[in-house]
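> Chains A and B supply the protein sequences, listed in that same order. Read left to right, the first sequence gives residues 16 to 384 (the working numbering). Read left to right, the second sequence gives residues 22 to 586 (the working numbering).
Any given hint might turn out to be false.
[What the hints assert, rightly or not] Partial list, derived from the structure: chain B residues whose beta carbon lies under 8 Å from chain A:
{"no.": "1", "residue": "His179"}
{"no.": "2", "residue": "Pro371"}
{"no.": "3", "residue": "Lys390"}
{"no.": "4", "residue": "Arg396"}
{"no.": "5", "residue": "Arg398"}
{"no.": "6", "residue": "Phe401"}
{"no.": "7", "residue": "Phe403"}
{"no.": "8", "residue": "Asp405"}
{"no.": "9", "residue": "Ser409"}
{"no.": "10", "residue": "Leu413"}
{"no.": "11", "residue": "Glu422"}
{"no.": "12", "residue": "Pro423"}
{"no.": "13", "residue": "Val426"}
{"no.": "14", "residue": "Leu429"}
Since the hints were derived computationally from the structure, they do not count as laboratory data. Cβ coordinates follow ideal geometry from the N, Cα and C atoms, glycine included.
The residues making up each chain are set out below.
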Amino acid sequence: MTDTSLPEVGLAVAHAAPPTPEHTSLWKRLPVVRHVRTSVGLQRTMLVTGLVLVLVFVVTAVFAPLLAPYGYAQLSSGDVNFGSQQPPSAENLLGTTVGGYDVLSRTIWGARPAILVIIVAVTLSIFAGVALGLVSGYFGGWVDRVLVVIADALFAFPSLLLAIVVAIVISGGQSSMWGGVMAAAISLSVVMIPQYFRVVRAEVVRVKAEAFVESARVIGAGHLRIMGRHVLRNSTRTLPLILTLNCSEAVLTLAGLGFLGFGIEPTAAADWGYDLSKSLSDVTSGIWWTAVPPGVAIVLTVLGATLVGESLNDLADPRLRTRRAAKAAALSPVTAVPGGVATDRVPGVESIDELEGPSDLFDENGPRS
Amino acid sequence: MTNVVDITDLRVSFATDSGTVRAVEGVTLQVAAGEVLAIVGESGSGKTVTARTILGLLPETALTSGAVLLTRKDGSATHDIVTLRGNDLRDVRGRDAAMVFQEPSTALNPVFPVGWQIAEGLKAHSRISDKDARARAIEILRLVGIPDPEHRVDHYPHQFSGGQKQRIVIAQALVLDPGLIIADEPTTALDVTVQAEILDLLRSLPRDFGSAIVLITHNMGVVADLADRVAVMFNGEIVEQAEVRTLFSSPQHPYTQRLLDAVPRVGGRRLRDRVRVADELEPMAVDESATPVVEASDLRIVYPGRLRQPAFTAVDGVNLAIRPGEVLGLVGESGSGKTTIGRAIAGLTPVSGGSLKVHGVEMLDVKEKVFRPVRKRIGFVFQDPATSFNPLLTIAQCVAEPMVVHGLAPNPDEARPRVDELMEAVQLPKAFGDRFPHELSGGQRQRASLARALILGPELLIADEPTSALDVSVQARVLDLFARLQAELGFACLFISHDLAVVDLLAHRIAVLHRGVLVEEGTGDEVLGAPKHPYTQRLLASLPVPDPVEQAARRETWRNLRAHG
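Model the full assembly from the supplied sequences, consistent with the hints where possible.
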C-alpha cells in the first residue's frame with residue numbers, strides 16, 4: 016500500500032471534505048501560525064514560550080526609548096548623579112553599574128544592538144548561502160566539489176576568534192555601535208553562509224532528481240527557469256529552522272565580543288556582554304544587580320530563539336510531532352486516505368464509475384491539434 | 022479445524038493532523054490452520070492495517086477496539102493481541118505469527134549477515150547456543166531454496182538478488198515455526214518471473230510447514246494463484262468473503278464485480294478496438310511507408326562506471342521504429358533498459374552509440390539548441406503521478422507550463438482557455454485546475470499529467486509506466502482514456518510497461534526487451550499468442566492470470582518451462 020496511489024472514491028463527495036490546508040485562510044497557513052495550531056501538549060508549550068520570549072525581545076528593541084526610564088549613556092537625572100554601584104531604589108529600579116549607568120535602562124537598550132546583529136548577519140548570509148547552494152547543487156561538477164570543501168573548512172572555524180579579528184580590523188578593538196555590530200555580523204556570516212549553503216544544496220540535490228524537474232526538462236524549460244520556478248521554492252523548507260537557531264548564535268557572539276572587551280563602547284550603545292564583563296568584580300563583593308539583568312536578558316533571548324527553532328523542527332517532522340490521541344467518542348465518519356485527502360465515506364457503492372468523477376462521456380470539443 | 026486467528030468486530034482509527042480517521046470498521050475474520058486467506062482491496066481500504074493488527078504493529082496514533090485472538094500452532098495458548106502490551110506482545114510476535122514485508126531490500130538490515138538476522142529471532146525467543154542457531158539458519162535457508170546455504174549464511178543482503186532476498190525474509194519468518202505468516206504484498210516489488218518463483222515457495226508453506234498465510238495483495242492474478250479463500254475489503258469493511266473459485270466465477274458484491282472487471286488480461290478484448298467500436302471511428306491504419314517518428318538502429322546506451330567500476334550497458338544494439346499514429350508497447354523487467362530508451366528519446370539520457378532519430382533529429386551527440394524545437398512535438402507521461410507535479414504550483418499552472426516555456430503564452434493565466442480544453446479532454450472538471458497536486462487522487466493526477474503532455478499537440482507521446490502506481494480500477498479508466506485520446510488525436514506513442522496485459526490492451530506492436538537486447542518484436546497476437554523467443558515464453562508463463570482454474574493449468578506449463586529452461 017503506497018501513499019502515492021489514492022483510491023478514487025473521494026471525488027464525488029469532495030465538497031463535504033474537511034478543508035485541506037490550502038483552503039484555509041492565508042493567516043492560518045503562515046509558517047509559525049500553522050505550527051502553533053497543529054501542535055499539542057508539551058510541544059505547544061515549548062513553541063508558545065519561545066514565541067513569547069522572542070516577541071518580548073523584539074518589542075523591547077523597537078520601543079526601547081519609550082520603555083527605558085533613562086538613556087543608555089545617561090549618568091544623571093536632572094542635576095542629581097546616579098552614583099556608582101547604587102543598590103536598587105525608586106530612582107534606579109535595578110540599581111546602577113560601576114560606571115554609574117542605570118542597569119534597567121542599559122538592559123532594555125541592549126536589545127537594540129542584539130537585534131541589529133541578527134538582521135545584518137542573517138541578511139548577509141542567507142542570500143549568499145542560498146544562491147551558492149542552489150547553483151552548486153543544481154549544476155554539480157567541480158564547482159560543487161570545491162564549494163563543498165570550502166564550506167566544510169569554514170565549519171571548523173571558530174566564529175568568536177574571527178569576530179575578534181574583524182573587530183580589530185574595523186575599528187581597532189573598541190568601537191562604535193555599528194563597528195561592533197558589523198564585526199559580529201560579518202564574522203557570523205562567514206560561519207553561517209556554509210550552513211545555508213549545505214542545507215539548500217542538499218535539498219536541491221534531492222529536488223533535482225524529482226520527476227517534476229525531469230518533466231520541466233522534457234518540456235524544454237531552461238536552467239534558470241527550472242532553478243527559479245521548480246527547484247528553489249521546493250528547497251527552502253528547512254530555512255526557518257536554521258534561521259531561528261542562527262539568531263541565538265548571533266546574540267551569543269555579540270555578547271561574547273563585548274565580554275572580551277571588543278564590543279561596543281558604553282557611550283555608543285548598550286551592550287549586554289560589555290555590562291556583564293564590567294560586573295565581574297561586583298559579584299564577589301555581593302553586588303548582584305549589575306550582573307543578573309544583562310545575563311538574564313542574554314539567556315532569555317537565546318532560550319526563546321532556540322525553543323522556537325527546536326519546536327519548528329519537531330513539528331515539521333511527522334515522526335516527532337505528537338498529536339491529540341484518538342478518542343472513541345470523537346470519531347468522525349471519515350475514511351483513512353493516505354496522502355492527506357480525507358473524505359466522507361460512501362455508503363452503498365453502486366460502481367466505481369460513479370465515484371470517479373464525471374461520467375463516462377467523451378467530449379466532442381476535445382483538443383484538435 | 023481450529024482457527025489460528027479469530028478477529029471479531031475490529032475497529033481501528035488513527036489520529037492525524039486533519040482529525041481522527043477510521044481505517045478499519047467492524048472487520049470480522051477467521052483464518053483456519055494451514056489456510057491461505059487473501060485480503061484484497063485498493064489502497065486505503067484498510068487491508069494492511071487489518072493484517073498489521075494481528076501482530077500489534079500499529080503506530081502509537083492508532084486506537085484499536087474489538088478482539089484479535091491469536092492461537093499458538095500447538096494450540097497451547099491463545100492471546101488477545103489488542104490487549105497485549107510489552108513483553109507479552111513480544112513473546113507472541115515471531116512465534117505465533119510472523120510477517121513477510123513488501124520490499125525485501127529494506128526489510129533486511131544491510132550491515133549484518135543474513136544468518137545472523139535469521140538467528141536473531143531464535144535468540145529472542147529461546148536460550149539457544151550460537152552454533153545451534155547457525156545450524157538452524159542454514160537448515161531454514163536450504164528449505165526456502167537458497168543454494169549452498171552453509172556458505173551463503175555468512176553473506177550480506179546486498180550479495181543476494183531481489184528474489185533471493187525475499188526468500189531470506191520468508192526464512193526469517195519461518196524459523197520460529199509460526200502458525201501464521203502475514204505476507205504484505207510479498208511479490209509487488211519483484212519482477213514477474215521472480216514473482217512466479219516466490220509464489221511457488223509461498224504455496225508450499227501450508228503443506229510443508231503447516232503455516233496458515235494471510236496474503237495482502239492488490240494483484241488478482243496472485244490471488245488466483247495462491248489463495249484458498251478471499252476477503253474483499255472496501256473502505257475499511259469486508260464486503261465479500263468467499264472461496265477463491267466461487268469469488269472469481271460468481272462475485273456477489275458490485276464492488277467485487279467491478280474490481281474483477283477492471284483487471285487487464287492478456288488476450289482479452291483490446292481496448293483500442295473497443296474504443297473504435299464505441300466511437301465509430303474509422304479503424305486507423307498505420308501507414309507502413311511513412312517516415313518513422315522514432316527510428317533507432319543499433320542503439321547503444323552506456324552508463325559510465327564510477328570509481329573504477331566497469332561501465333554498465335543499459336541498451337545494447339536495439340533496432341526499432343515508431344511510425345506516425347502507432348502505439349509501440351515496450352515490455353521488459355526491471356533493468357531491461359526500457360525506461361532508458363524512453364528517456365533517450367526525450368533527450369534526458371545521452372545516446373552512446375548507434376543511431377537514434379527523433380523527428381528526424383539525430384540524438385547521438387545532439388546539441389540542446391538543435392533538439393529544443395523538437396521537444397515541442399514530444400509529450401512525456403511519468404510513472405509516479407505523485408512526484409511529477411511541482412507541489413507548489415496549481416494543476417492549471419503545471420499543465421500550462423509547456424506553453425509558457427515555448428512562448429505560446431506569456432503566463433499561465435493566458436493559457437487557461439487551452440488548459441480548460443485539455444482538462445475537459447481528460448475528463449477532469451475545470452475547477453480542478455485551481456487545486457494543488459496533493460489535493461487530487463492518483464488517477465486524477467495521472468490524467469492531469471496526460472493533459473500536460475498533450476497540451477502542445479505532440480506527434481509523439483512517451484508514457485513510462487503511466488499506470489503502475491495506480492489501483493486496478495483507476496488503471497482501467499486511465500488506460501481507457503488513453504486509448505480514446507490516442508484514437509482521436511492519432512499521436513504516435515511509446516508505451517513502456519512491465520505488465521504484458523496492460524501493453525496488450527493498447528499497443529499495435531509489442532517489443533520485448535531483455536537485459537538491453539530486443540528479443541522479440543511483432544503484433545500483439547504474434548508476440549503474446551505465439552511467442553518465439555524462450556524469454557518471452559517464460560515471461561508469459563510467469564504472468565499469473567486472474568482465474569484460479571486457468572492459473573492452475575498455467576502453473577504446470579510454467580513448471581515445465583522452468584524444468585527445461
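> All hints, please: hold or fail.
Evaluated hints:
1. His179: violated (22 Å)
2. Pro371: Since chain A brings no Cβ nearer than about 13 Å to Pro371(B), farther than 8 Å, the hint is violated.
3. Lys390: violated (11 Å)
4. Arg396: holds (4 Å)
5. Arg398: Constraint on Arg398(B) not satisfied, violated at 10 Å.
6. Phe401: holds (4 Å)
7. Phe403: With a minimum Cβ separation of about 5 Å from chain A (threshold 8 Å), the hint on Phe403(B) holds.
8. Asp405: holds (6 Å)
9. Ser409: holds (4 Å)
10. Leu413: With Cβ-Cβ at 5 Å, under 8 Å, it holds.
11. Glu422: holds (6 Å)
12. Pro423: holds (5 Å)
13. Val426: holds (5 Å)
14. Leu429: violated (12 Å)
In summary, the structure is inconsistent with hints 1, 2, 3, 5, 14 from the numbered list given earlier, while agreeing with the others.
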